[in-house]
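Trainee: Sequence:
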Amino acid sequence: MIKSKTKAFCLMVRWRVSLIQKQSTSPLGELLLINIHQCLAGCLSTRRASVRHVVAGSVMLCLFLASATIALSCPFCSALAPTMSDDLRAATAAVITRCESVDADELGFRVGQLRVTVVMKGDPKLKKTLIEKVLLADAARDEQFWLVGYGESPVEWTAPMRLSAEAVAYLSDLKTVPESGVKRLEYFLPFLAHQDETIAADAYNEFALASLEDIAELKDKLDRQWSIEQLTDATVPVYRRRLCWTFLSFCGTQDDRRLFDQAIEIKQKDASFDPGMDAAISCLLSLGGEAALKRIERDYFDNNDADYLDTFAAISAIRVHGTELNLISQDRLAESLRHLLRRPKLADLVIPDLARWKDWSVIDRVAELFVEADDESRFVKPTVVLYLKACPLPAAAKTLHRLRRIDPEAVRQAEASMLFNQGVATAPVPPPKDMGTSGQGQSQRGSEKKGQEQ
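Counting in our numbering, the sequence shown runs from 270 upward without gaps.
If you're looking for bench data, these hints aren't it; they were derived computationally from the structure. Where hints are given, some of them may not hold.
[What the hints assert, rightly or not] Here are the computed lysine-lysine pairs in the BS3-like style, where the Cα-Cα straight-line distance is at most 25 angstroms:
1) 667 - 627
2) 627 - 658
3) 444 - 397
4) 488 - 452
5) 394 - 444
6) 536 - 563
7) 490 - 452
8) 444 - 490
9) 390 - 402
10) 444 - 390
11) 627 - 563
12) 444 - 396
Work the whole structure out from these sequences, hints included.
Mentor: Now the structure itself:
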């Protein structure tokens, strides 16, 4: 009975997956779909149905449905997946295989017979062995795939990754690359523009995991013209556009400030175009300095009609400048963020940064925000409490004592949160859940704020 219900569930999921397969062209989507199948196949192939397989299959499906957002949701250069080098280091075994044949299983998935031709890591006896793995699409005979495995007796193989001849050579050379630092990034730099998406994506992931300090040391080797071309090309994924804004921050010229306006114009004409606003604003600040900062204050902090996501992107850009880039003084950046204390529904986004940068000049103002908070600005109360708790000045303790009499429950809840986050600086405000997708939607909180301020 359990198995029949499990099979029905598997077939339902398989049908849903088939509907979205046609729309999936990303490597992440392919890997997730294959792992969904592996979980579901476990339900049908074992003698007893496993709840773990069903739950795992469901989780994988949810991850797939969210994969587009996951890939594009983090500011600046979030990695799409572990790098090939990371997989190679972590795996028990890593092999290159050739496809001998492809057959359909009972769920309708394509199962490839993959013959190991090269053992990059693990038992040399794996060479010439046959591995059966699910493939998202048909594979030609002799088409090559890369597999990494974990554990022993037997090795649990992950989803196969298709390889071109260039990707095979790329993989083979990874062991010769420096382990870390600028020299490692320099090796991957030319591969960012490679025509093979597997290679280009892996090179991107290397840069996504790198520090801004290391990227900055490459400024004389960065291809400024290529970066500019990527920024205004609507076909370029936003995550790569963010990386190019980062590059341009280090290798650009004063004249390149115009690219920010060009990107905004494209966005206004094409609603699907996402400039990567956080990285774009950061680049504008790097190239434009004080004048650019005044523009950001005018357009996104003092302008009540500014899109919430754009305002959040501006805050994120200033945060990066204040903590990592150091091109504009932290005091001046804090002054900029203080503009948002005039907008109660947005003030909680910047109070943690003011505390992190030890700007204790706004004790009275944050106390006012606490006292005047209503349902639309209720988010400000815990950040005010944590700001006052972090402040070493006697006036902060006195103010907190007063606020405790006004709303003891709000203060108690904020102090309880400090059991897990010791101080404001370790509890940054998270981004809107839909930031970095199309730029059109808003989180519930963002929509609420924008609606109330208009």
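Trainee: So if I understand the rule, the pair passes when the alpha-carbon distance is 25 angstroms or less; does residue 667 with residue 627 pass?
Mentor: With a Cα-Cα distance of about 18 angstroms, the restraint between residue 667 and residue 627 holds, given a limit of 25 angstroms.
Trainee: Would the pair residue 444 and residue 397 pass a check requiring their Cα atoms to be no farther apart than 25 angstroms?
Mentor: Status holds; Cα separation ~22 angstroms.
Trainee: Would you check the hint for residue 390 and residue 402, treating anything up to 25 angstroms between C-alpha atoms as holding?
Mentor: holds, 19 angstroms
Trainee: Residue 444 and residue 490: Cα distance at most 25 angstroms?
Mentor: With Cα atoms ~23 angstroms apart, residue 444 and residue 490 stay inside 25 angstroms; holds.
Trainee: Hey, residue 536 versus residue 563, does the alpha-carbon distance stay inside 25 angstroms?
Mentor: The given pair, whose Cα atoms are some 22 angstroms apart, holds under the 25 angstroms limit.
Trainee: Hey, residue 627 versus residue 658, does the alpha-carbon distance stay inside 25 angstroms?
Mentor: holds, 12 angstroms
Trainee: Would you mind confirming whether the straight-line C-alpha gap from residue 444 to residue 396 stays at or under 25 angstroms?
Mentor: holds, 19 angstroms
Trainee: Could you grab the alpha-carbon distance between residue 394 and residue 444 and see if it respects the 25 angstroms cut-off?
Mentor: holds, 21 angstroms
Trainee: When you check the alpha-carbon spacing of residue 444 and residue 390, does it fall within 25 angstroms?
Mentor: With Cα atoms ~11 angstroms apart, residue 444 and residue 390 stay inside 25 angstroms; holds.
Trainee: Keeping to a limit of 25 angstroms between CA atoms, is the pair of residue 627 and residue 563 held or broken?
Mentor: holds, 22 angstroms
Trainee: Keeping to a limit of 25 angstroms between CA atoms, is the pair of residue 488 and residue 452 held or broken?
Mentor: Given that 25 angstroms is the threshold and the Cα spacing comes to 13 angstroms, the pair holds.
Trainee: Sort out whether residue 452 lies within 25 angstroms of residue 490, counting only the CA atoms.
Mentor: Cα-Cα ~11 angstroms, so holds.
Checked against the numbered hints above, the structure violates none of them.
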